[in-house]
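Q: Next come the chains, spelled out residue by residue.
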Amino acid sequence: MTPPTIAGLVLATPPSLGSYGPLIQEIEAALRSPQCSLGVIGDIIEKDVDLTARLLRFSNSAYCGFSTKLSTVSEAISLIGIQQVQDMLSASSVLERFAGLSSEFVSVQSFWQHSLATGIAARLIALDRRLPKPDRLFVAGLLHDVGRLVLFLQSPKYAQMIFEVYGKERLLLRKAEVSALGFDHQNIGEALLKSWKYPPTLVLAVGHHHDPAGCEAARVEAAVVHVADHLVNAMRVGSSGEKFVPPLNSQAWATIGLTPEALGPIVAGIDEQFDAVQEMFLGETKPEANA
Amino acid sequence: MPQIKTELLQEGMVVSRDVKNIDNMLLIPNGCKLTSRQIGILQAWGVHEIEVVSAGAAGDTDQLSRLPPELLAKLTAELRATFWKADDADPVFTELFKLMLRRRANRPGKLRL
Numbered sequence: 001m002t003p004p005t006i007a008g009l010v011l012a013t014p015p016s017l018g019s020y021g022p023l024i025q026e027i028e029a030a031l032r033s034p035q036c037s038l039g040v041i042g043d044i045i046e047k048d049v050d051l052t053a054r055l056l057r058f059s060n061s062a063y064c065g066f067s068t069k070l071s072t073v074s075e076a077i078s079l080i081g082i083q084q085v086q087d088m089l090s091a092s093s094v095l096e097r098f099a100g101l102s103s104e105f106v107s108v109q110s111f112w113q114h115s116l117a118t119g120i121a122a123r124l125i126a127l128d129r130r131l132p133k134p135d136r137l138f139v140a141g142l143l144h145d146v147g148r149l150v151l152f153l154q155s156p157k158y159a160q161m162i163f164e165v166y167g168k169e170r171l172l173l174r175k176a177e178v179s180a181l182g183f184d185h186q187n188i189g190e191a192l193l194k195s196w197k198y199p200p201t202l203v204l205a206v207g208h209h210h211d212p213a214g215c216e217a218a219r220v221e222a223a224v225v226h227v228a229d230h231l232v233n234a235m236r237v238g239s240s241g242e243k244f245v246p247p248l249n250s251q252a253w254a255t256i257g258l259t260p261e262a263l264g265p266i267v268a269g270i271d272e273q274f275d276a277v278q279e280m281f282l283g284e285t286k287p288e289a290n291a
Numbered sequence: 001m002p003q004i005k006t007e008l009l010q011e012g013m014v015v016s017r018d019v020k021n022i023d024n025m026l027l028i029p030n031g032c033k034l035t036s037r038q039i040g041i042l043q044a045w046g047v048h049e050i051e052v053v054s055a056g057a058a059g060d061t062d063q064l065s066r067l068p069p070e071l072l073a074k075l076t077a078e079l080r081a082t083f084w085k086a087d088d089a090d091p092v093f094t095e096l097f098k099l100m101l102r103r104r105a106n107r108p109g110k111l112r113l
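Residue numbers (our numbering), protein chains in the order written: chain A, 1 to 291; chain B, 1 to 113.
Don't read these hints as lab results, they were simulated from the structure.
Being a predicted model, the structure only gives us computed values, none of them experimental.
A portion of the hints provided could be inaccurate.
Dumping the calculated SDA-like pairs for lysine to any residue here, alpha-carbon to alpha-carbon at most 20 Å [unchecked claim]:
| # | chain 1 | residue 1 | chain 2 | residue 2 |
| --- | --- | --- | --- | --- |
| 1 | B | K20 | A | P246 |
| 2 | A | K69 | B | K98 |
| 3 | A | K243 | B | T82 |
| 4 | B | K98 | A | I266 |
| 5 | B | K85 | A | S250 |
| 6 | B | K33 | A | A262 |
| 7 | B | K85 | A | R174 |
| 8 | B | K85 | A | A91 |
| 9 | A | K168 | B | K20 |
| 10 | B | K98 | A | P246 |
| 11 | A | K69 | B | C32 |
| 12 | A | K69 | B | T82 |
| 13 | A | K69 | B | L27 |
| 14 | A | K69 | B | N30 |
| 15 | A | K243 | B | K85 |
| 16 | B | K98 | A | K168 |
| 17 | A | K168 | B | T82 |
| 18 | B | K33 | A | R174 |
| 19 | A | K194 | A | A91 |
| 20 | A | K133 | A | C64 |
Chain B on its own, in the form it takes in the complex (with noise of 0.2 Å):
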């Protein structure tokens, strides 16, 4: 589980290990996902940096843009074969793909052509 800075904390960051204060009492419980005012909490104690299960979605959009266009273009067609009815020009069809297609391409494993 990645150790983050409190400073580079964001909202939604989901807590992987209880945060405790040093007089070891529970600031924020393991899988608790972050607000803005608990990491204000965080600050204030002092907290230098804890443990998060990811690191949000600006890494995973980073994974998805990472994709040889081959490997991006073979796992649109694989999402796209399992919908019954594609319609591009249907704004929830299209945020659902766009958010199918980075869950895919941040599974565990390799993606292969």
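Just chain A, with the same shape it has in the complex (with noise of 0.2 Å):
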């Protein structure tokens, strides 16, 4: 059996834009007219009926917190941003390149609840540092760990050797799959989105968020998803198959500069919001229980 290159999982992961594919373009193309404005863009995406709806629901729900209620898309971009909505609808691509596909080391829905609380939890880190674009790490948070679906679907028989020395033995998830494969899903994650063409800064804060020092190019926003993850993964919101809460790096802690005060609100922030983005992403459905 030969074990999996970090090179060929990427190769046997192509990119996809999935259903929102014409959608993306269309509006990209837009953009690029002179005579694009927020009108335009929002009758591109009232097109789609389902999109429409969720996109309103979503601007009115506790994640965006705005006071006043949005009744049309062009409203909606406008107090988002047409960046982010654009953000959302390639990440949602990347959640539906994955669906329907299960694996038997994780449950798929799981491992994007986990992932959505992550991103939920780098947002509301970087609102309260006040970081600029608090939304393109909401990516970072949501697609950290896309490493280790990859490696779990595309190379089941090595996940079943990791998950097997990961029994054994008194180590984390992570160690086990650089014991197996020389590599672990940071490295995988890495260069799948830079193959996928993803800013640089959300590609290096992905390949990093175990070893935020050691990225000096993307070293806050590695930190931010770190501290995220660690915050999630003590709250049990879903699962990417590790069962221990990996201890915090503490220089990472220094990094963003939060006080240990700023935890509550910022736990309470992610209940309070989950609900809404998982509608918004996977549709209606509650966490798994996750003791």
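Since each chain comes alone in its own frame, lean on the hints to assemble the complex.
A: This is the structure in structure tokens:
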């Protein structure tokens, strides 16, 4: 049995824009036109009735926290921002890319619940610390463990080997990955998102979320994802396969400059926003119980 | 969802139904986390009571403190076992642990020994 390589796993997972592909391309084309306006983008999105309904519910949810009720897509875009709507659509495509697949090692739904909660946490940390582009950090949190999902789905035999080691010895799942493969899910995620042409900072934040100090170019972003992942592991919202709450990297914590007192409102915010975000990306489903 | 009188509202409570004035104008939308300014607006418009998701952190603390000692010990041990490293000298860990314990104690469903 030949062990999988990072390049092989990436090649086996080509990018796909999924059912939102034509819409994403139409929006990109409209944005290049000098006549583009919010109304034009709104008209494009409103052609998709289901997306329009979800986008409006999402815009009126606690995640966005606007004090006025938004009733049209162009109003929603004007407050949320076109960039964020594009990011949301592209993140939806990634979830759709893996929809319907199943892994015996992790429930795909539970995996995305962990990922969505990490995205919410990363954005809330960014808002607390007034970091630029908090919505990009949502996407980084959402995709931080995507390498693990690719590994489990593309290489189930090696995933089984990893879980055998993980079941026998007291070690973290990431260390079990390294001992079986020589690399871990961070490396796969980084290579995959790079090949999918995601922004470099986001790619590096995903590729170093267990070792933020190892990446000078995206040290803060990687540290935010690291702390967000730690919080969500402690909260047990979904799971990406790890049964322990991995240790918090004190350097990452210091990099962000959060205080322990800030954790309460962030944890409350994750609980408050989770249902709306889950509905936007996964449809109406309740979080899976995970003691 | 509990109905709370406007004078008992606290910052951070989450509104669970749109609050409108007598002219049907939206004052505060469903899902909004109350700020002191918004509580002032409600009082100014003469809104007597509104629906909120939970009564906020004060209620949560009570829930945890009402647990019988054996149940609290069991919950603490279970939670501790989920952490790879439990460092009671680390203020970040102690704060997170306290929050997670409260969150578990307030989770729907019965806690059993």
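Q: All hints are to be evaluated individually against the structure, with a verdict given for each.
A: Here is what the structure says about each hint:
1. Between K20 of chain B and P246 of chain A the CA atoms are separated by roughly 46 Å; this puts the pair beyond 20 Å, and the hint is violated.
2. Taking the CA atoms of K69 of chain A and K98 of chain B, the gap is near 36 Å; set against the 20 Å cutoff, the hint is violated.
3. A hinted pair counts as satisfied when its Cα atoms are at most 20 Å apart, and K243 of chain A with T82 of chain B qualifies at roughly 7 Å.
4. With a C-alpha separation of about 14 Å, the suggested pairing of K98 of chain B with I266 of chain A holds against the 20 Å cut-off.
5. Proposed proximity of K85 of chain B and S250 of chain A is supported: the alpha carbons are some 12 Å apart, at most 20 Å.
6. Our distance criterion of 20 Å between C-alpha atoms is met by K33 of chain B and A262 of chain A, whose separation comes to about 16 Å.
7. A distance of roughly 16 Å separates the Cα atoms of K85 of chain B and R174 of chain A; the hinted pair therefore holds under the 20 Å criterion.
8. Restraint check for K85 of chain B and A91 of chain A: the C-alpha separation of about 33 Å exceeds 20 Å, so the hint is violated.
9. With a CA separation close to 59 Å, the supplied pair K168 of chain A and K20 of chain B exceeds the 20 Å bound.
10. For a cut-off of 20 Å, the pair hint linking K98 of chain B to P246 of chain A stands: about 17 Å separates their Cα positions.
11. Taking the CA atoms of K69 of chain A and C32 of chain B, the gap is about 11 Å. The hint holds against a cut of 20 Å.
12. With a C-alpha separation of about 41 Å, the suggested pair K69 of chain A and T82 of chain B falls outside the 20 Å cut-off, and the hint is violated.
13. Only pairs whose Cα atoms come within 20 Å are accepted, and K69 of chain A paired with L27 of chain B is accepted, the gap being roughly 10 Å.
14. Pair hint K69 of chain A plus N30 of chain B holds up; C-alpha atoms about 9 Å apart against a cutoff of 20 Å.
15. A distance of roughly 13 Å separates the Cα atoms of K243 of chain A and K85 of chain B; the hinted pair therefore holds under the 20 Å criterion.
16. This hinted pair does not check out: K98 of chain B and K168 of chain A have alpha carbons roughly 31 Å apart, beyond 20 Å.
17. Restraint check: the Cα-Cα separation between K168 of chain A and T82 of chain B comes to about 17 Å, which is no more than 20 Å; the hinted pair holds.
18. Between K33 of chain B and R174 of chain A, the direct Cα distance comes to roughly 38 Å. Violation of the 20 Å bound is thereby established for this hinted pair.
19. Between K194 of chain A and A91 of chain A the alpha-carbon distance is near 15 Å, which keeps this suggested pair within the 20 Å criterion.
20. Distance check on the hinted pair: K133 of chain A and C64 of chain A sit about 14 Å apart at the alpha-carbon level, within 20 Å; holds.
Against the hints set out earlier in the document, violations occur for numbers 1, 2, 8, 9, 12, 16 and 18.
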